[in-house]
Amino acid sequence: MNNQNVLSVRNLSIEYKADRGQVHAVTDVSFNIRKGEFFGLAGESGCGKSTVAFSIMQLLKGAASIPKGEIVFNGKNILMFKPEELRLFRWEKTSMVLQSAMNNLNPVVTIQSQLADAILAHEKVSKAELKVRLKELVAMVNINENRLSSYPHELSGGMRQRVVIAMALALKPDLIIFDEPTTALDVVVQYNIIRKITELKVKMGFSIMFITHDLPLMLEMCDRIGIMYAGKMVEVSPVVNLLNRAAHPYTRGLLKSFPSLLGEKVRLEGIPGSVPDLITPPDGCLFYERCSEKREECRRRLPEFKEIGEHWFCACHNTKPKGAMAHDRV
13 MNNQNVLSVR NLSIEYKADR GQVHAVTDVS FNIRKGEFFG LAGESGCGKS
63 TVAFSIMQLL KGAASIPKGE IVFNGKNILM FKPEELRLFR WEKTSMVLQS
113 AMNNLNPVVT IQSQLADAIL AHEKVSKAEL KVRLKELVAM VNINENRLSS
163 YPHELSGGMR QRVVIAMALA LKPDLIIFDE PTTALDVVVQ YNIIRKITEL
213 KVKMGFSIMF ITHDLPLMLE MCDRIGIMYA GKMVEVSPVV NLLNRAAHPY
263 TRGLLKSFPS LLGEKVRLEG IPGSVPDLIT PPDGCLFYER CSEKREECRR
313 RLPEFKEIGE HWFCACHNTK PKGAMAHDRV
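Each residue of the sequence shown is one higher than the one before, counting from 13 in our numbering.
A portion of the hints provided could be inaccurate.
Said to hold, decoys possible - With a Cα cut of at most 27 Å, we get these calculated DSS-like pairs of lysine-lysine:
no., residue 1, residue 2
1, 105, 47
2, 318, 306
3, 88, 73
4, 184, 215
Quick caveat, the hints were computed from the structure, so don't treat them as lab data.
Build the full structure now, drawing on both the sequences and the hints.
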């Protein structure tokens, strides 16, 4: 992994039109993903994780709009892409693996045809070369080539998810977004898929943006993790810092809500209260009502998302810089 960014999200805001007004689903979110980095994005349901991912792929539809921000991929702002540029960008430069693989595969089309579509939409290859490519793809995710002629319903849930991963790898993109890729799969299958993703990343050198509710899983896999709350990024931190001295009270609350697999048994603590109304958000810190460390300044003024250490950023009035400052930006 190097310090060159493959993706930079800058002050991104996303809104949804609702009957009661504009829902501020994502507000001023900034982060980067470096080449070869395994970057995690965590937070409660509805915090904006998947909305950010869909904005990167430009898959937001209907009532969604992006009033502010930039999404810069290898030096180019995706939000300025014309339709043909966007078509070439998707799958060739960045691909996405969604949860519920059965819903992402066409039930009446063979695995071979669906993988071939992803390749032929971007490249002109001979039938012989395509056949070889397809065999290589399924082999990478430990699926026998005989399964190429199968339909999705003839595969197990884990195999279907690996087919979707193979599809995402078809054009060797620089970045792959995984949005809850192991949801609804049993623990053993989850482990095998996560291990395969990690192996492929090391072998092929692509970057990963991994979205999940499973924070302990992220702590095992990721280089850095971004924590979102109510549409805001509240902390971006290297994993070692998150484990030992998480800077934001919300991050610490999340960590206390998961059991330790190896440590002593302790009583788990939930975070009291609920997320604020994102149609009429408060002026100050969005976590104010639920925070055990709140003070008057938190109620009146939104905290700045600032650098507090190397590759480490936090949005909290109570957080002070920790150690040497980094020169890279979020």
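Subject >> residue 318 paired with residue 306 [C-alpha distance capped at 27 Å] >> reply: holds, 18 Å
Subject >> residue 184 paired with residue 215 [C-alpha distance capped at 27 Å] >> reply: holds, 11 Å
Original post:
Are the Cα positions of residue 105 and residue 47 separated by 27 Å at most?
Top reply: holds, 13 Å
Original post:
Quick one, are residue 88 and residue 73 close enough, alpha carbons at most 27 Å?
Top reply: Between residue 88 and residue 73 the Cα gap is close to 22 Å, so the pair holds against 27 Å.
Every hint from the earlier list agrees with this structure, and none is contradicted.
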